[in-house]
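There are 4 protein chains.
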Amino acid sequence: MTCKTNEHLEELIASVRHYTQFGKVADYIPALGKVNGQDLSIAIYDVNSGCLYAGDYRKKFTLQSVSKVLSLALVLMDRGKDYVFERVGMEPTGDPFNSISKLESSIPSKPLNPMINAGALAVTDMIIGGSLEERWKRLLTFIKELGNDIEIECNMEVAQSEFETAYLNRALCFFMKQHGIIQGDIEELMDLYTRQCAIEMDCFDLARIGAVFALNGNDPESGKQLIPKEIARICKTFMVTCGMYDASGEFAMKVGIPAKSGVSGGILGVVPGKLGIGIFGPSLDERGNSVAGLKLLEKLANEYDFSIF
Amino acid sequence: MTCKTNEHLEELIASVRHYTQFGKVADYIPALGKVNGQDLSIAIYDVNSGCLYAGDYRKKFTLQSVSKVLSLALVLMDRGKDYVFERVGMEPTGDPFNSISKLESSIPSKPLNPMINAGALAVTDMIIGGSLEERWKRLLTFIKELGNDIEIECNMEVAQSEFETAYLNRALCFFMKQHGIIQGDIEELMDLYTRQCAIEMDCFDLARIGAVFALNGNDPESGKQLIPKEIARICKTFMVTCGMYDASGEFAMKVGIPAKSGVSGGILGVVPGKLGIGIFGPSLDERGNSVAGLKLLEKLANEYDFSIF
Amino acid sequence: MTCKTNEHLEELIASVRHYTQFGKVADYIPALGKVNGQDLSIAIYDVNSGCLYAGDYRKKFTLQSVSKVLSLALVLMDRGKDYVFERVGMEPTGDPFNSISKLESSIPSKPLNPMINAGALAVTDMIIGGSLEERWKRLLTFIKELGNDIEIECNMEVAQSEFETAYLNRALCFFMKQHGIIQGDIEELMDLYTRQCAIEMDCFDLARIGAVFALNGNDPESGKQLIPKEIARICKTFMVTCGMYDASGEFAMKVGIPAKSGVSGGILGVVPGKLGIGIFGPSLDERGNSVAGLKLLEKLANEYDFSIF
Amino acid sequence: MTCKTNEHLEELIASVRHYTQFGKVADYIPALGKVNGQDLSIAIYDVNSGCLYAGDYRKKFTLQSVSKVLSLALVLMDRGKDYVFERVGMEPTGDPFNSISKLESSIPSKPLNPMINAGALAVTDMIIGGSLEERWKRLLTFIKELGNDIEIECNMEVAQSEFETAYLNRALCFFMKQHGIIQGDIEELMDLYTRQCAIEMDCFDLARIGAVFALNGNDPESGKQLIPKEIARICKTFMVTCGMYDASGEFAMKVGIPAKSGVSGGILGVVPGKLGIGIFGPSLDERGNSVAGLKLLEKLANEYDFSIF
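Chains as they are written, first to last, in our numbering: chain A, 193 to 501; chain B, 193 to 501; chain C, 193 to 501; chain D, 193 to 501.
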């Protein structure tokens, strides 16, 4: 990476910001729709040379689907690979992230991977703890540690709003409960899951979390192993094969780095061994990815040859 | 119909009872599994010449899916055809009765017909009333009137047991709630629906209800129009095109009368203008129909030329 | 039936002809698109009181899917029920008439019924004969006999045009050949099938064929048993459960008689014991049924209480 | 890579050869079934330090699905990305490699990616040339150049046998022809495609082809750019997201290198910047991948840290 200045990053942002007009802010819940569609910000955490920023990189946003990678890492650490992959598959899917049909046609009836809603719900169901609050604290503590930011919290307005309207996710949960994939109480799971999706941070936090993955699970500052290397690698693999909704394949070709997006407009990017990237651009394309964020990553990847392929 | 004697009916039963060994009693809830698999009984309500019985025709059983026809009749009367068929389709389906995939692939996302679980749940959701108890009373009163038996009640043990384990039906409900097909509270709906399925009666009651349909909705005794003719006809049509689960087409060919079966082993049969039939035979084939009950109806239909085709 | 005069039939036609404007003539092959969308004609063959006509009832049209019922009758006669239903199912389907997905998801991989394209192709494959010409002659002779009209022939322009463009039907055939449902050469089958669909007749011929079914397989003039009673009944059952494409259920409710439609705009109708009906109205609704033809049947059915339910 | 000796490779092979007993040789055509299920061989082409071999690495086998990557590279070079990806998608699929359902449910009806049969057939259809022989020669010449082996040829017995029985692939082709994805004559396409799958080479040839991809398209000996860098990268991306049938995700996690397998038991592996790998082990697991070949790659990857993640 020779992107040495914030100024250059600002130029890059300026050159792609107009793409925001081709997208749309998610508004299936009112709380999400309040943001400014023209926002675009980025933080890059270079594990060798420090950080770069551009845009309003301290603006907070909720993780939404980005959180799926983090809960997966936690659950793999707590439960072990065998336990987790008995309940959730490892394969990409050509179906939409919220689809239920494959659960019905697959034998056994388990979600294809942890990046689609069904799989992520099954993963969150596996978070250990004697109560909702204990499980929630366990997850939040882990994410605060990854981001090295004790101020990371849940946006309860967003969580509450999603909790009240998440009928489709409840359908997925009950279907999986019928088939023994999900064990716990569904309303408790929905509460935990909607909080998880509503965890709020800024680009800088996200970039730092990316740096942890870039360093195979090591804290970029303390050097502490926050996530075992194998689990970090598993997470990065899922980010490549199914991190960007129905555009994962296209993204792998055009950009070629592990990344996970959310409908809030956040993107977590990882350049193995080198960088963590956090992006916030709430204007989404029709697949649910930040439209300008994608362009920004594509430009960066081409300029600095980020692709792992 | 020249089946003039109970003795002849008893002979018919004796000749098919051994088929019960080729089936299995439903045991997905313990309360259902308590019955004797070799049971087989029948009542025939001839609108001209009175009633015939064979077997232990006063033994009670729960309606299960047989109830789908009755709630449909009630809701069509209360809401009108247009309202109902905006939310539930009129077409048979090649998918299993509890399938969710077609809800996802259909646009708009409405159940194909009221005889599959999704459709029946949507119908029950339309039962009018200010509270669960009011709606339940409305349905039960209607069914007591059809059966002319004030002792018809719900088997609360069965209802409770189904309520607690009906994860798949909850999945269907939440999916439909997401798509605006179902309006009400899901837990209240599940309570009402599991009570509806657990309504308990005997073959005689069922035969009398069949007679009402045979007479285009008229009470065979009082002559009162309990169901408008057009609605009775709609119900009979659904019984022919999708009354016998995945064997509806085969049944139409071999027997050729409107009929609806349930996993308790009950079958409601209608010979238009002539007879109502109630059968109880809890040993089920792999599609969920009473294995000996089907044989009994096939023999009767061939002997007395019941087919409407 | 008290529709005693051609004049009354003409009035009925006049009252529904404007519905033709809400439909569209099939034009996926040029030869089909040549007709006049405002055409509407009907012939009724009353087995007791002779025939009635209205519109240009001697205008010829190709049978298209109407032919599926006739080839089924022939093959059931030649091969027997067991042979046929080992290869084609008896159940209605909620999928489109030309769908391939259910062939893939069903185990064993056989078409759900003989009224969808896959099933009809499998049926035509079973027509007996040592060569294409022998098989074709066998089918055509049978249909001439049903219609009592030696002038019934194939419209070779339509047949040729369909033969050249029937890629989807070839896909269905090869899929079924892979699974052992279809035995013969696919190109020969396509030739035979496209000729079958292109058999040309007029409303009067079609009404007479309907009369044969109305009389349980007996020739209305000679009394000869052209089709065994059981097979005639099987055909009528399929007409009710899946004769009108994706509107079969709705048609059964609104009209309630065995009927089979084709994309040429033809409809074969049967009022058991009473009438055969032939209709031609090439303007189609979005499901592929004659838009004015449906209205005409609905009016007739209501006026004369045709419904079998 | 410090795997410096053939002896060490032989030891690795010896340590995993017993896995062959847990698999089965493909025998859907007799010509494929003739091989010895216990065979296992490997060649590694290190772009810095020369080649290593173990097992009977000069034994020939047909490419089968491995060829899908090579025809894709050729067609991307000849037609350009835009042309190709208008007709074939870029996304992984959770469906089996030979599935047809997604073609029906997707709008537009294009194959999800070039590694499933439908996509590979569409790709082969795009090979340029005025005749079958011209197109075939174009493909074969390209592959000879990649392998730097003019003796690479088609096994005509295998090709012929697949040609005669490839009903399912014909079904896929006709379905795509119906939807305009495939333009050319289907029988010519089948001829070309079955030849492509029957191209025969040994592990050494395959390892050398892998080295070309490892070097971003450059010939490891002459340095000539045989495939443009961007196209080589696209191919490697598809190998990661969908190269190992329904086990692509699991393989990416456990091994983490671009690879493509075929039902002959061949595997093409690429360690970017470093190695090409050719493996032959015809005993297959239930997903169609070489059972001992997978274990061998897993051991190598762990020992030498091959994973790109």
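Treat the hints as calculated values from the structure; they're not laboratory data. Glycine residues also receive a C-beta, built at the ideal position from the N, C-alpha and C atoms. Be aware that a few hints might be false.
With a cut-off of at most 16 Å between alpha-carbon atoms, the simulated EDC-like pairs for lysine to aspartate or glutamate come out as follows [stated by the list, open to error]:
id	chain 1	residue 1	chain 2	residue 2
1	D	Lys421	A	Glu495
2	A	Lys252	A	Glu343
3	D	Lys273	A	Glu495
4	A	Lys329	A	Glu413
5	D	Lys446	A	Glu422
6	A	Lys421	D	Glu495
7	A	Lys466	A	Glu413
Simulated coverage check for chain A against chain D, where a stretch passes if three residues somewhere in it have a Cβ under 8 Å from a Cβ of chain D [to be verified]:
id	region
8	321 to 329
9	424 to 430
10	435 to 445
11	490 to 501
Label pairs and their calculated CB-CB ranges [to be verified]:
id	chain 1	residue 1	chain 2	residue 2	range
12	B	Asp377	A	Ile342	31 to 41 Å
13	B	Ile342	A	Met348	25 to 35 Å
14	A	Ser323	B	Glu349	28 to 38 Å
15	A	Met348	B	Glu325	28 to 38 Å
16	C	Ser297	B	Ser301	32 to 42 Å
17	C	Lys329	D	Phe214	54 to 64 Å
18	C	Glu203	B	Gly415	28 to 38 Å
19	B	Lys416	A	Ser323	52 to 62 Å
Structure-based check of all given hints:
A threshold of 16 Å between alpha carbons decides the hint, and for D/Lys421 with A/Glu495 the separation of about 15 Å falls inside it, so the pair holds. Using a Cα cut-off of 16 Å, the hinted pair A/Lys252 and A/Glu343 holds, with the two alpha carbons roughly 11 Å apart. Simply put, D/Lys273 and A/Glu495 have alpha-carbon atoms about 20 Å apart, too far for the 16 Å limit, and the pair is violated. Distance hint between A/Lys329 and A/Glu413 is unfulfilled; the C-alpha atoms sit about 24 Å from each other, more than 16 Å.
Under the criterion of a C-alpha separation no larger than 16 Å, the hint pairing D/Lys446 with A/Glu422 is consistent with the structure, at around 9 Å. For the given pair, A/Lys421 sits about 15 Å from D/Glu495 by alpha-carbon distance, which is consistent with the 16 Å threshold. Pair hint A/Lys466 plus A/Glu413 holds up; C-alpha atoms about 14 Å apart against a cutoff of 16 Å. Given as covered by chain D, the region 321 to 329 of chain A fails the check, having 0 residues with a CB less than 8 Å from a CB of that chain where 3 are the minimum.
Restraint check on the region 424 to 430 of chain A versus chain D: 5 residues with Cβ-Cβ distances below 8 Å, three needed, restraint holds. Note: the region 435 to 445 of chain A has 7 residues with beta-carbon separation from chain D under 8 Å; the three-residue rule is met and the coverage holds. For a cut-off of 8 Å, the count of residues in the region 490 to 501 of chain A with a CB near a CB of chain D stands at 3, and the three-residue condition holds. Between B/Asp377 and A/Ile342 the Cβ separation comes to about 40 Å, which falls inside the hinted range of 31 to 41 Å.
B/Ile342 and A/Met348 have their C-beta atoms about 52 Å apart, which leaves the hinted 25 to 35 Å range violated. The hinted window of 28 to 38 Å between A/Ser323 and B/Glu349 holds, with their beta carbons roughly 32 Å apart. The given range of 28 to 38 Å is respected by A/Met348 and B/Glu325, whose C-beta atoms sit roughly 35 Å from each other. Range check, C/Ser297 to B/Ser301: about 19 Å between beta-carbon atoms, so the 32 to 42 Å window is missed.
Checking the proposed 54 to 64 Å range against C/Lys329 and D/Phe214 shows it holds: the Cβ atoms sit about 56 Å from each other. Taking 28 to 38 Å as the suggested C-beta distance range, the pair C/Glu203 and B/Gly415 conforms, at roughly 36 Å. Checking the proposed 52 to 62 Å range against B/Lys416 and A/Ser323 shows it holds: the Cβ atoms sit about 58 Å from each other.
Checked against the numbered hints given earlier, this structure breaks hints 3, 4, 8, 13 and 16; the rest are met.
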